[in-house]
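Position chain U against the provided structure of chain H, taking the given hints into account.
There are 2 protein chains.
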Amino acid sequence: MFNKILFSLFLTFVLFNVQAQNDDDALKIKEIYNHTLTQGDCYQWLYDMTTQIGGRLAGSEGADRSVLFTKTILDTLGADKVWLQECEVPHWDRGIPELVRIVGGKTLNSTALGGTIGTGEAGLTANVIELQGLDDLEVLGEEKIKGKIVFYNRPMDPTQIRTFNAYGGAVDQRVFGASRASKYGAVAAIVRSMTLKQDDNPHTGVSIYEDGAEQIPSLAISTNDANYLSKMLKNQEVQLYIRNTSKNLAPKTSHSVIAEIKGTDFPDEIILVGGHLDSWDIGSGAHDDGAGCVHAMQVFQTLKAIGYKPKRTLRCVLFMNEENGLKGGLAYAEESNKNNEFHLAAIESDAGGFTPRGFSCDAQDSIFADYFKKLTSWSDLLEPYGLSLVKGGSGADINPLKSQNGLLIGFRPDSQRYFDYHHTRIDNIDAVNKRELELGAASITSLVYLIDKYGLK
Amino acid sequence: MFNKILFSLFLTFVLFNVQAQNDDDALKIKEIYNHTLTQGDCYQWLYDMTTQIGGRLAGSEGADRSVLFTKTILDTLGADKVWLQECEVPHWDRGIPELVRIVGGKTLNSTALGGTIGTGEAGLTANVIELQGLDDLEVLGEEKIKGKIVFYNRPMDPTQIRTFNAYGGAVDQRVFGASRASKYGAVAAIVRSMTLKQDDNPHTGVSIYEDGAEQIPSLAISTNDANYLSKMLKNQEVQLYIRNTSKNLAPKTSHSVIAEIKGTDFPDEIILVGGHLDSWDIGSGAHDDGAGCVHAMQVFQTLKAIGYKPKRTLRCVLFMNEENGLKGGLAYAEESNKNNEFHLAAIESDAGGFTPRGFSCDAQDSIFADYFKKLTSWSDLLEPYGLSLVKGGSGADINPLKSQNGLLIGFRPDSQRYFDYHHTRIDNIDAVNKRELELGAASITSLVYLIDKYGLK
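Those protein sequence lines, which keep their order, are chains H and U. Just so it is clear: in the first sequence, position 44 is 44 by this note's numbering, and no numbers are missing. Just so it is clear: in the second sequence, position 257 is 257 by this note's numbering, and no numbers are missing.
The shape of chain H in the complex, shown without the other chains (with noise of 0.2 Å):
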């Protein structure tokens, strides 16, 4: 009998404690919240990085100034340290506006594909072929392929409810579609742009050409303009004089830039939250991925002000050339790899500043689950929040960590516009809300605080 009123004030004991704890960390995330979405300053970052800069390719002029804007905002951010850290970046430049008319009739909405050659500026006529993808290649054969401009025409699928998913399922079509019908004696590619609106808005967007495989001229044309070509293409022959002057220079010097705040506690254990600097060349790059690097910036922000004091060492990595090469993220694997380091999780965001629905967390097999049993005991905390935690992929750049055994977390905001906007000209500040902007860097600034606090184990 008294074992069992010993044992029972134990337990009431424990549980009071278990309850206690989650009323702090309640409280704390709270905070975090509503710090952030009063005094976070991450729209205004974005707004000044989105207009006095604008597009961030690798390589060129924008790319070099959002490096020297962002360390400039970290070094106020309450970091022990901010360091560049170098990488060679490829350097394509898309040349004079590009041009994709039909011949005696009207001009399509268009854009070079990153990494595409250029026609010249001559350009070049040729007719042209519908495909529904890669696999018609085969299909139709280099008879009928050979001398003409190939036209990718398979949509993203709308009854997808996750538009990543239909982006997944159609984007092959730009990345391949000019390198494998060169094989078969196509002079040039053409593609749907990947959007599920209807609209003029031309979607760039990386090409890539494979080894070994002749180099054609690569572009995307607005979902209008390919829904009218390809109803064009029904009755007759449609003839196409395209024209961009394109061209693959030298690689560059570039940086990602790097935060770090070490760890009272465990230091060798290292969080990382990032996005990725650089964006496409046309638009500003305020979704893809200005979002995701003001969020990273804002989650040292906010711990700075509510006084936090990591346990573990927290990086904000902001990395450059997700969009065409992936060297920064690869370049910080390397290094990391090299000093022994262990990264306990890693954070991207790179979907987004849409309003948050979760995270998708990815490890090695053998880990996963354990690790995410830790996480998914959290829920509690993060579902009034609206957060979820799925299995699934993380982000482009921190995907090389995987080898070093930690946690890989995804942030997904809501999907439903982010292909309106994605690589286009009108991917700019004004397409982002400043409450939905907020909630995101709060999401990852809980996460981050939770993880921090109580490891994965």
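Hint data in this document are derived by calculation from the structure and do not stem from the laboratory. Hints may be right or wrong, so weigh each one.
In this list, chains with the same sequence are indistinguishable; a pair is considered to hold if it fits within one copy or across any two.
Stated by the list, open to error - Straight-line Cα separation of at most 27 Å, DSSO-like style, residue types lysine-lysine; simulated pairs:
no.: 1; residue 1: 309; residue 2: 81
no.: 2; residue 1: 391; residue 2: 30
no.: 3; residue 1: 391; residue 2: 28
no.: 4; residue 1: 146; residue 2: 234
no.: 5; residue 1: 311; residue 2: 71
no.: 6; residue 1: 402; residue 2: 311
no.: 7; residue 1: 374; residue 2: 311
no.: 8; residue 1: 304; residue 2: 81
no.: 9; residue 1: 30; residue 2: 373
no.: 10; residue 1: 453; residue 2: 309
Since we're looking at a predicted model, the values are computed, not measured.
Relative to the frame of chain H, chain U by itself:
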């Protein structure tokens, strides 16, 4: 032993059927989403209603036109019956464009509040006194208020995650500000606009004169101008000139629009989906509540398109006069009660056309738990679409049905941007994202499908 085997077989059979049923439902819900996202007309309807008709204040020509516009569409959606239900609505007229000017200074962005009287064409001039809420009236007393213009400036609380809670915590200033201030001798009231955004758009909305209170003019100014005025008041006395010629005219006869599909098995159990047809006069009420109307209409279109025959009676109800009188909702409940009807469930969409987050459920205390248990048994089917179920308010128009002991449900989309547009001149079609609108309609249709198929017992 034999019994055990039999029991085991029985269990397998039951589980198999439960699983099969679940798979059927998952497929049906997928079909609902697929149709809505690829062939739904809700966005086009909203486009037409907001661009061709515009504002739809009860008693206005726009409201009358919207009744005919939606009835004409509902006539094509496979309903057994479409009819108009009469209600007598207040008829408020804004008059000539309102003017709020700092004497010797700038003009503030303002809007007369719905139901307010006018100043007369000559306008009125008086000193301003700033208050943080209705309670300040008592604190300051008649001596300080008499003869002045009362300026309510308590902002919505930005730290509320759900913006409707922030609205609920501030809107008493708009609704009762003028009426209460008149008791202390104020000559007019102006209120900070009900929004979390800092901008130049004034937000209108209802202002109510309580019985016996002297009627004084009641207007809102933009948040930017509220900040400007407040700052000015810290250093000096400020005189305002206000002019508006608003007036309350004789009530008019208007209509709610109702479409019905008679249930095959349980015709006496009604499931209602609805929104409200009226809007404020500035802007075109795209989110508030054109979105709710086209959501409800889309439910009928989708169920028809996928060939679903409801077991229970479905009604699409587009209520008139939610904004300033609720006369449509009250008339509907009165008529329904007179006919001894039973609404098993009523779902209102009146929180905008944003990405769905779930549903908020309400019923009489004695029966809520049973209903909610049944609803949450479908959580696995709803969760893949980002839909969660919570206890909470439903909708103003359906609330009068609560006494019928059915379940009341409010559709809950993401709330972050709602009060950027609510009751403003910018609540127009360009503030609505097509996919987000369609996802809302599909979410509501899916819930209607489940309630219709399984009931709520």
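Could you tell me which of the numbered hints above are not met by this structure, giving the numbers in increasing order?
none
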